[in-house]
Amino acid sequence: MPRFVVDVMLKPEIHDPQGEAIAGACRRLGFGQVAGVRQGKRFEIELTEPASAERIGELAAELLANPVIEEFTVHPG
Amino acid sequence: MTARIGVVTFPGSLDDRDARRAVRRAGAEPVELWHDDASLHGVDGVVLPGGFSYGDYLRCGAIARFAPVMRQIIEAAGRGLPVLGICNGFQILCEAHLLPGALARNAGLHFVTRDVTIRIENDTSAWTRQYRAGQHIRVVLKSGEGAYMADPQTLASIEANGQVLARYASGNPNGSQRDIAGVISEAGNVAGLMPHPEHAIDELTGPSADGIGFFASVLQAVAIR
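Residue numbers (this note's numbering), protein chains in the order written: chain A, 687 to 763; chain B, 66 to 290.
Don't read these hints as lab results, they were simulated from the structure. Cβ coordinates follow ideal geometry from the N, Cα and C atoms, glycine included. Mixed in with the good hints, there may be bad ones.
Here are some of the chain A residues that sit facing chain B, going by a computed Cβ distance under 8 Å [unchecked claim]:
{"id": "1", "residue": "GLN704"}
{"id": "2", "residue": "ALA707"}
{"id": "3", "residue": "VAL754"}
Cβ-to-Cβ under 10 Å is the rule here; a few derived chain A residues that face chain B [what the hints assert, rightly or not]:
{"id": "4", "residue": "LYS697"}
{"id": "5", "residue": "ILE700"}
{"id": "6", "residue": "HIS701"}
Work out the full structure: start from the sequences and follow the hints.
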């Protein structure tokens, strides 16, 4: 079955308070070398028939990501 | 004729009842709209209430934006229909690109529930014409993803166009850029506000009765439209 993976991340300039909280938890666990964490989302998309990466990119821009604050990458699954 | 103001209920809406109560208190007739409605039933304005539409899955407002009733609202908003999104409704309007910017997770991560003072910046919109610019009003804030974000060009243009509707005036509760609590569309008919005016229409149950002005404003706007 054709698959794509779409990764969505907050744009670098957008504050990620969840990532900061996770980084703090890492350091409290003893991972003192953790300088920063950014949290994102991963979508695994299964298709009934092949589609182009461009087409999946349209889906990502329309629904999976909010381009005002997020950016995305599309990879074949 | 009494103005008819629709209040949309999505699965997961919470504040539709209070919004209808505020509409009635202002002297209009509230009309219940359902997320699956294919018609707006001839209403003169629409309120998208607060809550957690579709469980806030994916992003707040991201699924609600594609509800059948939203297709009607987007089209009618383009023709000048007054639309007010409160809290989750504001998030839906941003997701639908009817308003600039986006709402992100609160800077402090906490869900913030408190009374806030906001300053009305634009007193000419369909939803704020009963206030005066610079007026401070006391309303309720209750949101976890209320940090207003936009890129620098968008911020500059909404400031220049007078599209900042209101700003937090008792400290910035959530990391919103430029203390922005609400914005309005370029045409002035679509408004989004993070705090809840519909919970502040009665001193017995809210922090003030200041919020009624949003609903009284739209009555006036509808009468002259």
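Structure-based check of each hint:
1. Annotation: GLN704/A was flagged as interfacial toward chain B, and the flag holds, the nearest CB pair being 6 Å apart, inside 8 Å.
2. Restraint check, ALA707/A versus chain B: the minimum CB separation of about 6 Å is within 8 Å; hint holds.
3. Proximity of VAL754/A to chain B holds as hinted, the smallest CB-CB distance being about 4 Å (cut-off 8 Å).
4. For LYS697/A, the shortest C-beta to C-beta distance to chain B is roughly 9 Å, which falls under 10 Å, so the interface hint holds.
5. Using the Cβ-Cβ criterion of 10 Å, the hint placing ILE700/A at the interface with chain B is satisfied: the shortest such distance is roughly 6 Å.
6. The beta carbon of HIS701/A comes within 6 Å of a beta carbon in chain B, closer than 10 Å, and the hint placing it at the interface holds.
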